[in-house]
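Protein chains: 2
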Amino acid sequence: MIGAEAVSERLRRVGLRICEQIESGVFPRIEMPARTVSNIIYDPEVGIVRLGDRRITRSAKNVRQAKVFAQMLWVAAFAKNELVDKGRSCSLRDLFYHSFNDPAIKFKEQDESDRIVVELETILKLPRERFNILPEEKSSIFGDLTIEYTTPKSHAGRRVNLTSDPDGKNIGLSIATAKFIETSAEMVIAVEKGAIFRRFVEEGVYKRLKAILIDTGGQAPRFTRILIRRLHEELGLPVYILTDADPWGMHIARVIVSGSAQAAHIPELATPDAVWIGIWASDIKKYRLPSLPLTQVDKHRLETLMRDPRYSTGIWRRELEVFKKIKVKAELEAFSKYGLTAIIDKYLIKKIRQVEKGLF
Amino acid sequence: MIGAEAVSERLRRVGLRICEQIESGVFPRIEMPARTVSNIIYDPEVGIVRLGDRRITRSAKNVRQAKVFAQMLWVAAFAKNELVDKGRSCSLRDLFYHSFNDPAIKFKEQDESDRIVVELETILKLPRERFNILPEEKSSIFGDLTIEYTTPKSHAGRRVNLTSDPDGKNIGLSIATAKFIETSAEMVIAVEKGAIFRRFVEEGVYKRLKAILIDTGGQAPRFTRILIRRLHEELGLPVYILTDADPWGMHIARVIVSGSAQAAHIPELATPDAVWIGIWASDIKKYRLPSLPLTQVDKHRLETLMRDPRYSTGIWRRELEVFKKIKVKAELEAFSKYGLTAIIDKYLIKKIRQVEKGLF
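First to last, the sequence lines map onto chains E and P.
Residue numbers in the first sequence follow the working numbering, run continuously in steps of one, and reach 360 at the last position.
Residue numbers in the second sequence follow the working numbering, run continuously in steps of one, and reach 360 at the last position.
Heads up, some of the hints might be wrong.
Just so you know, same-sequence chains aren't split out, so a pair can sit in one copy or run between any two.
As a list, the in silico DSSO-like pairs of lysine-lysine whose alpha-carbon atoms are at most 27 Å apart [stated by the list, open to error]: (1) K350 with K153; (2) K179 with K207; (3) K67 with K325; (4) K67 with K350; (5) K325 with K125; (6) K357 with K285; (7) K351 with K179; (8) K108 with K346; (9) K357 with K179; (10) K299 with K108; (11) K285 with K350; (12) K207 with K351; (13) K106 with K346.
Everything labelled a hint here was simulated from the structure, so no lab data went into it.
Next up, chain E with everything else stripped away, as it sits in the complex (with noise of 0.2 Å):
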């Protein structure tokens, strides 16, 4: 992962373009990936949603796009002066007020800041997340790896293991962009809820299986989906997500596998390699899951997945056609009618042992 220093450089290169077409005597302009719904691609290939080849252009010239495009500016210098070069963080709220400030750059509207800074995201393909401009959910983390913190500069240098935090640690800014300096770990298990986390915690799960535990507190952020990649791509550790036997557990796991459409134009939020172990529709009958009817909006939801290209094959498209015959959900705490440990001793170990042997 690129480190800080990198990510001012390339906001410092947004501004050298500008310059030197201004030098040479030409309307600044700047070119980038369409995010339109035609070119957000899913690419079965690498099993990720991208952006296709389709361009458009952000220019000075054009009288309507002037302010947008000095607005965009000034959220770039903004970036890399004021947050990445201070080590410094803020909101998109944050931002939005701060332009009141200047009123040539006032935003009438939080939409239009946040647009610009998805484009932003899109010219230097990183989330924002990386210029340190912060979401509000929270995650955590718990298991044997020890890291380094870069940010802030008070913690610089300092190293930290995560099993020192029974509670589990936030992954907030801090720890996504740590770097990793030991680990005994063999996997990561990602797992929707807090309470299936902390059992995990509680029954030693990251000793048993030598895991690092990941709650990522439902749809999992965007800092939880870099650290995820992260931890599978400098560690080589192999990724399982483990969520509710519904349409909406089983897409928190497809955004960790495939990215998501709206996130399409950020290819560091996709981890391809990282495997759903369910728990699968399948497995609501095979484990007698006490279970719940789908609703209408679960029916309609399903739906919708039905459609989604990233559903169109394997085991995504069997377990939603499971879903669609036998009209039932089951949670993870499902698993508590046999006790509390039963979702770890019944389903987690057998079930990570099979999908290793590639049975799905």
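Given the coordinates of chain E, work out where chain P should sit on it, guided by the hints.
Relative to chain E, chain P alone:
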């Protein structure tokens, strides 16, 4: 704060009383304060919401209550034997599913098991978090406080300083029940938003003000309220609460100070001495903050608070009246108009000095 052994003992005594009743030949019954609306009282002396003197009885004699009575004993036994004594935790959802094991106990809907957990809280006068039935919400803490974990067993006796994690440490069961070993802190600052919390960490507010920082993540989860109260009572630290200037933010502060109607049966969730340091409605004009008009929902909320006895006097009343008059609201991020650190330099520090002098 009482430890796990004492919680276990309280649970054991519930069972013991039942045994004694049976042995002396009477139908077993349990008495507890009524949680009806008319028995929820705001006590202006202490400044908290609590239950009045009306009591109800659950009895095994009444045929309609017999099953509920058995279910309550089952939940109490489960909490003691499977959770507290074994150093395990579970969620409300887990508990519901776990009952599926036993046809005599099995709950039809989670509402039923949730209600029994609340009754058990009422009997024990302890939040369910203390008998290890946990919520999913996330909130974090940062500051110079060395704690010693008591749970889970794998971590009991380990010490850690809460400045070790710049993303903030999750406030979960382990931190909420840890022993406080050492601190240089002179105050606690609770803020409702992660982005502002992060800024306070980055800008070293914890050093400048010798403060323990808490991100409540919106309405403070109960673990967070438990911890805030402990920091105040056990360490004698003043507590300051910083929120958005709107009826919702104000109520986040009010609940930390006075507790909530839903939790009127648990005294250890309120910190009557905690101080709301804004953003007050009157600060919006004073600091010329960017503001937004109150929506219909905001106005409706305002009217509800106007009728709430917790808002009948002092600063609470005054600021509600100001909101009614100015009809606008402002967020913490609004200070970013003056630069990212303005909320610290222009507001936080001055406001704390002001309220320390009793100037409201």
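If you test the structure against every hint from before, which numbers come out violated? Numbers 3, 4, 5, 7 and 9, in rising order.
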